Amino acid sequence: MKCSEFLQELTNYLDGVIDDRTKSELEDHLSWCHNCYVVCDTTKKTIEIYRDSQLYELPDDLRNRLRSAIVTKCQARKKADSGNA
Amino acid sequence: MNTIQPKVVEPVSDELTLVQAAKNGDVSAFEELVKRYDRNVFRIAQHITQNREDAEDVVQDAFLKAYSNLKQFQGQSKFYTWLVRIAVNEALMKLRRRRPERTVSLDEEVKTEEDSVPREVADWSPNPEQQYNQAELREILTKTIQGLPQTFRTVFVLRDVEGLSTEETAEALDLSIPAVKSRLLRARLQLRERLSRFFQRREPGEPKLEIEDGDGIPKIERGDGNQ
Chain A
1310 MKCSEFLQEL
1320 TNYLDGVIDD
1330 RTKSELEDHL
1340 SWCHNCYVVC
1350 DTTKKTIEIY
1360 RDSQLYELPD
1370 DLRNRLRSAI
1380 VTKCQARKKA
1390 DSGNA
Chain B
1319 MNTIQPKVVE
1329 PVSDELTLVQ
1339 AAKNGDVSAF
1349 EELVKRYDRN
1359 VFRIAQHITQ
1369 NREDAEDVVQ
1379 DAFLKAYSNL
1389 KQFQGQSKFY
1399 TWLVRIAVNE
1409 ALMKLRRRRP
1419 ERTVSLDEEV
1429 KTEEDSVPRE
1439 VADWSPNPEQ
1449 QYNQAELREI
1459 LTKTIQGLPQ
1469 TFRTVFVLRD
1479 VEGLSTEETA
1489 EALDLSIPAV
1499 KSRLLRARLQ
1509 LRERLSRFFQ
1519 RREPGEPKLE
1529 IEDGDGIPKI
1539 ERGDGNQ
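Protein chains in written order, with this note's numbering: chain A, 1310 to 1394; chain B, 1319 to 1545.
No lab work stands behind these hints: they were computed from the structure.
Source: prediction; values computed, not measured.
No residue lacks a Cβ here, since even glycine has one placed at the ideal position from N, Cα and C.
Treat the hints with caution; some may be incorrect.
Claimed, not checked - Rough simulated footprint, nothing fancy, chain B against chain A, three-plus residues with beta-carbon under 8 Å:
(1) 1316-1322
(2) 1350-1362
(3) 1366-1379
(4) 1384-1390
Claimed, not checked - Every beta carbon over 10 Å from chain A, so not counted as near; a handful from chain B, in silico:
(5) L1334
(6) V1337
(7) E1349
(8) D1372
(9) V1377
(10) Q1394
(11) R1520
(12) E1521
Unchecked claim - Every beta carbon over 12 Å from chain A, so not counted as near; a handful from chain B, in silico:
(13) A1363
(14) L1382
(15) T1399
(16) L1493
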């Protein structure tokens, strides 16, 4: 297996959605190709670091404000719809 | 090497009941759905629009649109996937209205082949998060992901940050499964390569990088200002 073939399968490998035969070919490649091992390992870390990063958390005050605006608009919509019915 | 353990958004068992109640006009049932997913919708909207005010508008518009169109939701997919699809569309419309000059066609972006094989492979420090404090790390992650083309960024956020499956991501973005996989691979590799500039293993005394404004490209910390 070449490095480019390994990279094409990287997403499936990390997501655990490959058949056993391809998986063992990939792991054989990883056992001797240091570059691909590093790419695979650090790509996995990249995903984990973003998944755990909690970027753009919604602050409570903004959250309450948005929710109350949404509910008010939904109630107005409901009223308009029942008026038209 | 272990596989990624996805962060799964499990549908809560009473969700269809809530949807049904909301369809029958129960606004408090819909409010419960808003409470469940407003954080997710906000994150997705902010990642796509890269603007806080736009993201706030998208949250409101997406939920209102979902409420108004609840009858169209047939329950074949999860409510969350259906909602994400609406939110992504609202966010993309916002982006087009605000910054038409920065809109690039999908095909143009996807043709970029340069990142398919990493040019330079640097291993990372054992605990890259510990090289930077919390605020620095947030800034690095934010600027780095903002530098990705929007189409890659959106797939990465839905799939890897929000935990949608490949099929759900395809449905939410109206893409084929191979297109989702291809964009996800590119997004993951590009992010990895960009983060490597900050997290690569360094010799003792070698300066760490600090992020520059704008494009997410790091610069060497000179050390002649603050200690």
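Handout entry: Distal placement of B/V1337 relative to chain A, Cβ over 10 Å
Key = holds (14 Å)
Exercise for the section: Would you check whether the claim that B/L1493 is not at the interface survives, using Cβ distances to chain A and the 12 Å cut-off? Expected result: holds (14 Å)
Practice task
Taking the shortest Cβ-to-Cβ distance between B/T1399 and chain A, state whether it exceeds 12 Å.
Solution key: Answer for B/T1399: holds, closest chain A Cβ roughly 18 Å.
Practice task
Just double-check B/E1349 for me: nearest Cβ-Cβ distance to chain A has to come out over 10 Å.
Solution key: violated (5 Å)
Exercise for the section: Run the C-beta distances from B/L1334 to all of chain A and say if the shortest one exceeds 10 Å. Expected result: Check passes; 19 Å lies beyond 10 Å.
Exercise for the section: Take the region 1366-1379 of chain A, compare each residue's beta carbon with every beta carbon of chain B, and decide whether three or more fall closer than 8 Å. Expected result: Coverage by chain B holds for the region 1366-1379 of chain A (8 residues, Cβ < 8 Å).
Practice task
With 12 Å as the threshold, tell me whether B/A1363 passes as away from chain A on beta-carbon distances.
Solution key: violated (9 Å)
Practice task
Beyond 10 Å from every chain A Cβ: check whether that's true for B/D1372.
Solution key: holds (12 Å)
Exercise for the section: Mind verifying the non-interface call on B/Q1394? Its CB should be farther than 10 Å from each CB in chain A. Expected result: At about 22 Å from chain A, B/Q1394 clears the 10 Å cut-off, so the statement holds.
Exercise for the section: Mind taking a look at whether chain B covers the region 1350-1362 of chain A? Criterion is 3 or more residues with CB to CB distance under 8 Å. Expected result: holds (count 12)
Problem - Given as non-interface: B/E1521, which should sit over 10 Å from chain A by C-beta - result: holds (17 Å)
Exercise for the section: Hey, is B/L1382 genuinely clear of chain A, shortest beta carbon separation above 12 Å? Expected result: Non-interface label fails for B/L1382: nearest chain A Cβ at 5 Å, not farther than 12 Å.
Checked against the numbered hints given earlier, this structure breaks hints 7, 9, 13 and 14; the rest are met.
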